[in-house]
Amino acid sequence: MEVTVKVKRFNPEAENPAPYWAEYPVEVERFTTVLDTLIKIREEVDGSLALRCSCRSAICGSCAMRVNGHAGLACKMRVSQVSPEGEAITVEPMGVMPVVKDLVVDMTPFWDKVRAVEPWLQPQGPEPEAEYLAPNEDMLHLAGVMDCIMCGACVSDCTVLEVDPNFLGPAALAKAYRFVGDPRDSQDDARLQALSEYTGIWDCTRCYECVEVCPKGVAPMDRIMALRDKAMVAGYDKTIGARHTDAFTELVGHSGWLDELRLPIKTVGMFNLPAMLSLAPVGLRALLKGKMPPIFHKMLPNVESVRRIFRKLEPEE
Amino acid sequence: MPKYAFFPGCVSRGGCPELYPAAMQVCEKLEIELEELTGASCTGAGVLQEKNQLLGDVLNARTFAMAEVAGLPIMTICSTCQGVMSQANKRLKDDPEYLAKVNTHLAEESLEYNGTAVIKHLLWVIIEDVGLEALRGHITNPLTHLRVAPFYGCYILRPSDALGFDENP
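Line order of the protein sequences matches chains A and B. So in this note's numbering, the last spot in the first sequence is 317, and the numbers never skip. So in this note's numbering, the last spot in the second sequence is 1169, and the numbers never skip.
Just so you know, the hints here were simulated from the structure itself, not pulled from any lab data. Quick caveat, the model's predicted, so the values are computed rather than measured. Incorrect hints may appear among the rest.
[Said to hold, decoys possible] Derived coverage of chain B by chain A (criterion: at least 3 residues anywhere in the stretch with Cβ under 8 Å from a Cβ of chain A; other residues may be distant):
#1 1043-1052
#2 1056-1065
[What the hints assert, rightly or not] Now the stretches of chain A that chain B is said to cover, found in silico as 3 or more residues with beta-carbon under 8 Å:
#3 1-8
#4 18-27
#5 207-213
#6 238-247
[Unchecked claim] In silico DSS-like pairs for lysine-lysine, Cα to Cα no more than 25 Å straight-line:
#7 A:Lys230 with A:Lys76
#8 A:Lys101 with A:Lys76
#9 A:Lys230 with B:Lys1101
#10 A:Lys230 with A:Lys312
#11 B:Lys1101 with A:Lys216
#12 A:Lys6 with B:Lys1029
#13 A:Lys312 with B:Lys1003
#14 A:Lys230 with B:Lys1090
#15 A:Lys216 with A:Lys266
#16 A:Lys76 with A:Lys8
#17 A:Lys101 with A:Lys230
#18 A:Lys101 with A:Lys40
#19 B:Lys1090 with B:Lys1003
#20 B:Lys1003 with B:Lys1029
#21 A:Lys40 with A:Lys76
#22 A:Lys312 with A:Lys298
#23 A:Lys8 with A:Lys101
#24 B:Lys1101 with B:Lys1003
#25 B:Lys1029 with A:Lys312
#26 B:Lys1093 with A:Lys216
#27 A:Lys238 with A:Lys216
Just so you know, even glycine gets a beta-carbon here, dropped at the ideal spot from N, CA and C.
Required output: the full structure, derived from the provided sequences and hints.
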């Protein structure tokens, strides 16, 4: 079949370096991968096309790039999947990280963030004579997260990193979970405290894009949610994120549905004057645009049923 | 005439009050019949689930059981509710033991969830039940002069394995 591949190219050594789109019509088989298609273009059409690849088997994580708008491993995507009706395929370098040339990005920000979470085991006490022993069931839930091949796809498409480069991001936070969840590690408390700070677990907007694009099923966002739970259980529940979760749960447990007016007030604290004042302009704008939630929040018709469930399952609320 | 158990969500009755009447008028015009689940609780929006996933799943199973009693698929106009309900439904359908555990908490409410709930967003309903071509025939005021940057919400398409709906531009 013939397919057109639109590649977003960039040559830093050009006279006026600027990204541009180049179109390559190529003849491929339906089962050809996107990576093999790009290699074919490089070998037969334009030898100056720059891309990274190594294993071609979705193991090394080198060939992550954006195909049809979402990041993934080019070696894991077949032309028949990304162009079922023979549509043109768009290929771009990963997002968030600076482009070196064409499809090659500088992954320094990625590695800096992974390094920041101290991704190594920090056990305590005397070294055992043989290996550290850990119960099987305590390690099984880490198997998925250990599958991470550091390809950068989740970081590329993270909707928070797109606007806030300080966020630790999905790959580093999934890696942090891998050590917080490890029964042999002794630094859970310090790790959870650090992760609760600005740039950490509470900065994720839960958009699910990292789960969607991860080629190895690591599900970074689910790990971040698990870290939030662990952080709150460990007592790091005074952050704005943790307070938001607590306030949300309490309000739903009271009336059966969310009281949007009281959620921000309860989250920042009624007597937190500076925060309350900072909410005022938002409230005023909402009022003027007719978007102020009702002041008198009605109870759900059968609220007792919801409250009974809460009393059983969230007794402290 | 398609009929749905309508789950409006908290936002369409709170900070986005325009959504509720707009959805009602659209459904009336497209002959989509709605029966509101007035007793359904908040889905937890993924926020409550950060703290207590079982609680979230029991609350959503309660809603699903109500829709089963009505014998109707669920339709919502909130992207977050649709995503969160779909994820809860997947966990419950994939694991009969877990579903049984959740049902023990519903027994006191005289409800039981049998794992048959279908959850759709209004936009899916428009695409699947009405069709974009048929929708064209209902347009009275074409907005071709507007440049629109729509935000349908993150969960309208994600996570795709829980939704069973393909991206449709």
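- Query: Straight-line Cα separation of B:Lys1003 and B:Lys1029 no greater than 25 Å?
  - Reply: Given pair B:Lys1003, B:Lys1029 holds - Cα atoms ~13 Å apart, limit 25 Å.
- Query: Regarding the pair A:Lys6 and B:Lys1029, is the alpha-carbon distance no greater than 25 Å?
  - Reply: Violated, at about 42 Å.
- Item | Hint consistency between A:Lys101 and A:Lys76 [alpha-carbon to alpha-carbon, up to 25 Å] | holds, 22 Å
- Query: Holds or violated: are the alpha carbons of B:Lys1090 and B:Lys1003 at most 25 Å from each other?
  - Reply: Measuring from Cα to Cα gives roughly 23 Å; hence the hint holds.
- Query: Keeping to a limit of 25 Å between CA atoms, is the pair of B:Lys1093 and A:Lys216 held or broken?
  - Reply: Judged against 25 Å, a Cα distance of about 23 Å means the pair holds.
- Message: Using C-beta distances, would you say chain B covers the segment 238-247 of chain A, given that this needs three or more residues below 8 Å?
- Response: It holds, with 3 qualifying residues against the three required.
- Straight-line alpha-carbon gap A:Lys76 to A:Lys8, limit 25 Å: Roughly 20 Å between the alpha carbons, so the hint for A:Lys76 and A:Lys8 holds.
- Proposed proximity, A:Lys312 with A:Lys230 (alpha carbon, max 25 Å): Cα-Cα ~21 Å, so holds.
- Message: Checking one constraint from the list: CA of A:Lys230 to CA of B:Lys1101, max 25 Å. Satisfied?
- Response: holds, 23 Å
- Quick one, are A:Lys238 and A:Lys216 close enough, alpha carbons at most 25 Å? violated, 34 Å
- Has the segment 18-27 of chain A got at least three residues whose CB is nearer than 8 Å to a CB belonging to chain B? Answer violated; 0 residues pass the 8 Å Cβ test.
- Message: Check the hint pairing B:Lys1101 with A:Lys216 against an upper bound of 25 Å on the C-alpha distance.
- Response: violated, 30 Å
When the structure is compared with the earlier hints, violations turn up for hints 3, 4, 7, 11, 12, 13, 15, 17, 24, 25 and 27 and for no others.
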